[in-house]
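Peer 1: Heads up, the sequence shown is in the numbering used here, so the first residue is 1 and it goes up one at a time.
A portion of the hints provided could be inaccurate.
[Claimed, not checked] Here are the simulated EDC-like cross-link-like pairs (lysine to aspartate or glutamate), alpha carbons at most 20 Å apart as the crow flies:
(1) LYS318 - GLU100
(2) LYS131 - ASP26
(3) LYS216 - GLU100
(4) LYS261 - GLU136
(5) LYS39 - ASP26
(6) LYS165 - GLU322
(7) LYS132 - GLU277
Derived by calculation from the structure, the hints in this document are not laboratory data.
Quantities reported herein were computed from a predicted structural model and do not represent experimental measurements.
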Amino acid sequence: MTIGLIGAGGMGKRWAGVLANHQEVDFRVVADVDAERAKAIAEPLNVTSTGDIDEVIQNNEIQAVVIVVPHKFLAGVTAFALNAGKHVLSEKPGARTVAELEPNIQLAKYKNLCFMVGFNHRFHPSHQVAKKLVSEGKIGTPQFMRAVYGFGGRPGYEKEWRHNKEMSGGGELIDQGVHLIDLARWFLGDIVEAKGMNADLFWHSEVEDNAFMLLKTKDRRVASLHASWSEWKPTYRLELYGSDGYLRIEGLGRKYGGTEKVFVGRRTEKFGASEEEVIECDPNADNSLKDEISEFMTSIREGRSPEPSAEDGLAALKIVEEIYQHEKE
1 MTIGLIGAGG MGKRWAGVLA NHQEVDFRVV ADVDAERAKA IAEPLNVTST GDIDEVIQNN
61 EIQAVVIVVP HKFLAGVTAF ALNAGKHVLS EKPGARTVAE LEPNIQLAKY KNLCFMVGFN
121 HRFHPSHQVA KKLVSEGKIG TPQFMRAVYG FGGRPGYEKE WRHNKEMSGG GELIDQGVHL
181 IDLARWFLGD IVEAKGMNAD LFWHSEVEDN AFMLLKTKDR RVASLHASWS EWKPTYRLEL
241 YGSDGYLRIE GLGRKYGGTE KVFVGRRTEK FGASEEEVIE CDPNADNSLK DEISEFMTSI
301 REGRSPEPSA EDGLAALKIV EEIYQHEKE
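Make a model of the complete structure from these sequences and hints.
Peer 2: And the structure:
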């Protein structure tokens, strides 16, 4: 499939490497409003670059685009691409608001095009292992989830676009927090109630740097989540407790602890915990973006909705908005 990349920031650079090395992708072009930045990413990969996004969108040889731009521009570029007949994989959260995202979902349906919001964390090896264990009944019926996800930023972080509310739509809640929300929905089911507290504890910008979330499903399963931009040691931990046992994920590769590990314990007859089984994932096995683009292309070939879908992105954004609203009340 011929694919173009729109956006040449940090995530754009990661995506370019994935697209260039994927056997099923014919990676044609990198586009960014900063032409030099696009060129710096494209040139080592022997890919064309341009400073004109329209050049990619209007290219009839390009079948699909991966959009990796600041949140403010996600919805507009997505609509532009869909109207031009392109399949779209948009980085999360897909838009700043529900009102921005919803019309693009309807547009994709009208145009009979694939529109996927990229929650790549579902494809991390530890999460794939955990999902399989849950589906096999290893911990019984999932009852509640706890998760912590955060890092400490970097020098000058408060000057980056994520701290500009107009550009981002919000802070850590809509940044890393939305990944945790998506995982809570994936493991526990649809969320019917969301509450939270947000705080600007360290960076003192226009948006929150810590988000505390409490989510509940229709059958009263609960997720307690914390996303932070002032977690000085990069941390990722997800715990899922079921009727018969539990699992705990530690690490998310790269700076988040290196090797991803899944700890599995069983409830004993005396209602304690058994000795834990530890499943270590290959530290070089994070193919989450590769697996995400593979799912995107497979769904197009099979004429079905991708997993996760744009509707999953919409559900996550509705929860984000509900928490922001709860904070105002």
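Peer 1: Of all the hints numbered above, which does this structure not satisfy? Sort the numbers upward.
Peer 2: Of the numbered hints, 2 and 3 do not hold.
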